[in-house]
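S.K.: Spelled out from the first residue to the last, the chains are:
Number of protein chains: 2
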Amino acid sequence: MGDIIKNLFNIKYPIVQGGMVWVSGWKLASAVSNAGGLGLIGAGSMYPDVLREHIQKCKKATDNPFGVNVPMLYPQVDELMDIIVEEDVKIVFTSAGNPKTWTSFLKEKGITVVHVVSSVKFALKAEVAGVDAIVCEGFEAGGHNGREETTTFTLIPMVKESVAIPVIAAGGIGNGRGMLAAMVLGADGVQIGSRFAASKESSAHENFKQKIIDVKDGDTHLTLKELAPVRLIKNKFYQEIQELYKNNPTKEELTGLLGRARAKKGIFEGDLDNGELEIGQIAGIINEISSSKDILEEIISDFESAKSLLR
Amino acid sequence: MGDIIKNLFNIKYPIVQGGMVWVSGWKLASAVSNAGGLGLIGAGSMYPDVLREHIQKCKKATDNPFGVNVPMLYPQVDELMDIIVEEDVKIVFTSAGNPKTWTSFLKEKGITVVHVVSSVKFALKAEVAGVDAIVCEGFEAGGHNGREETTTFTLIPMVKESVAIPVIAAGGIGNGRGMLAAMVLGADGVQIGSRFAASKESSAHENFKQKIIDVKDGDTHLTLKELAPVRLIKNKFYQEIQELYKNNPTKEELTGLLGRARAKKGIFEGDLDNGELEIGQIAGIINEISSSKDILEEIISDFESAKSLLR
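Chains A and B, in that order, are what the protein sequence lines are.
First residue of the first sequence: 1, per this note's numbering; consecutive thereafter.
First residue of the second sequence: 1, per this note's numbering; consecutive thereafter.
If you are wondering where the hints come from, they were derived from the structure by calculation, not from laboratory data.
Think of the CB as a built atom: it goes at the ideal place given N, C-alpha and C, for glycine as much as any other residue.
Be a bit skeptical, because a hint or two may be false.
Heads up, simulated DMTMM-like pairs for lysine to aspartate or glutamate below, C-alpha to C-alpha not over 25 Å straight-line [to be verified]:
id : chain 1 : residue 1 : chain 2 : residue 2
1  : B       : K251      : A       : E240
2  : A       : K125      : B       : D214
3  : B       : K246      : B       : D214
4  : A       : K234      : A       : E253
5  : A       : K246      : B       : E252
6  : A       : K251      : B       : E240
Some chain A residues flagged as far from chain B (calculated, every beta-carbon gap over 12 Å) [what the hints assert, rightly or not]:
id : residue
7  : N7
8  : T62
9  : D78
10 : D88
11 : S118
12 : A164
13 : G270
14 : D273
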């Protein structure tokens, strides 16, 4: 199982580490790639020159394939793309935008392109745009998310019967059983975010990593749907959003409350009260902060034993 | 796989047909039970004397075990429970209420009791109350749903690591791959609703059955969260709710718009514009109206072939 994704990226395990703002720099990406998965640098929280530095450090830290995740809403997205080409990055995951915008440009440079979708409609658009694979991300995923609220359990089979390109499942996957379940539903590989956010090599603040360990079911919620839907831990900042909702706020009022750099404040600086704490529902089963290598090996070992139980 | 649930109910396949208002009368329940699953009569849409009639007809139509689903918010719930005992029903699924209220009463009569939950907290409460098993229903399920919005993919493993009683997964399961995925995640059996709502023996109106076939991903939404969260097809009535939301409605205004018998109007009478059309996200993969027997046999055949692919 998973050969299509292993061959597409030339990796040992069909596991992608999701690109996450303030979490996945060169340290995490290279650790995951060195351990046999596909590490992704999350460009969304990096100035262009910071991204260049992370790519250069990642190349020094691993000989294995790695990629960069680019949210296309990024203001200077063209600068990021130029750096990616200049630095000879071989794999790019695009998200939060139209897959047509950058796919041909990247494919012409020989780059493998994957686009993140949360609906059948956008899966089809990505296929038409010529991407090599798609990530299908369900409602349970942390951070920014689709408007349709389709869950991983239903999204994967619906997308799989609609497209011919490889499908990587994301949202709710945190261990080997989750990986196997996603592949039973039709996924060719998986993308895992929250579990790696709580890894030793994650650049998240220790406070945030500890918070991930503490999260139980029902402790996250998808909110700010009028701006861009985002799944957050229900902290003080989240409660302030809910208070504001009672007054039927305008988009401007919501944007005003959100302010700037909330995700940095929470995830990178560790302000658990006032920061935007993006994590997935599956945080409820995450109980320890491990190295990326141990996480990958445990997932694969669980995956194999769950599979053998079915024999 | 599934022996715990097969033995608990004395059935051939570990598949429960969910109790659904205006859908699951004696015809559907007995057809599912005759085909080797566990059929449930949905008491939520029945007057007490109507429930008695359905139980009596179901007993005549099948020699196999069947059960009754009772939403505990039902106004004359004590009348329903008395009828269940008088008619010697052996299996009761309770939902929408405190599992403590009726479990001892039913258990003392020798009845197998299962409670429907949507969070770890209520799973633990049900276990303490002494139920024989729980149904864990994810956010993607149709109709009434939990406030935590936890999806099947994350709810099953979180509940499974918290309780010792058997866990039946519900929400998003519509075929054999879904059944296998749920069991890989830790479920001992599955409950399937939407797929049987579109069966030949379902008492839903033909218009509603056809609508289920037409539903694609993104066509349902969980709404009316201030009353009781319910997943509906986005029809004219749903759009009226969304219009009302723009004016920050009170609970009374929402209740006023909802009115009475909306589910009957939509599901049973086939008024697709003005009715409340309760269905799960997995309707997106339902493509035909089959007999319950064919549905069960197809699910089991798909389940076995999906399992053999893992070897």
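S.K.: Against which earlier hints does the structure fall short, listed by number upward?
M.R.: The structure breaks hints 3, 11; every other hint is satisfied.
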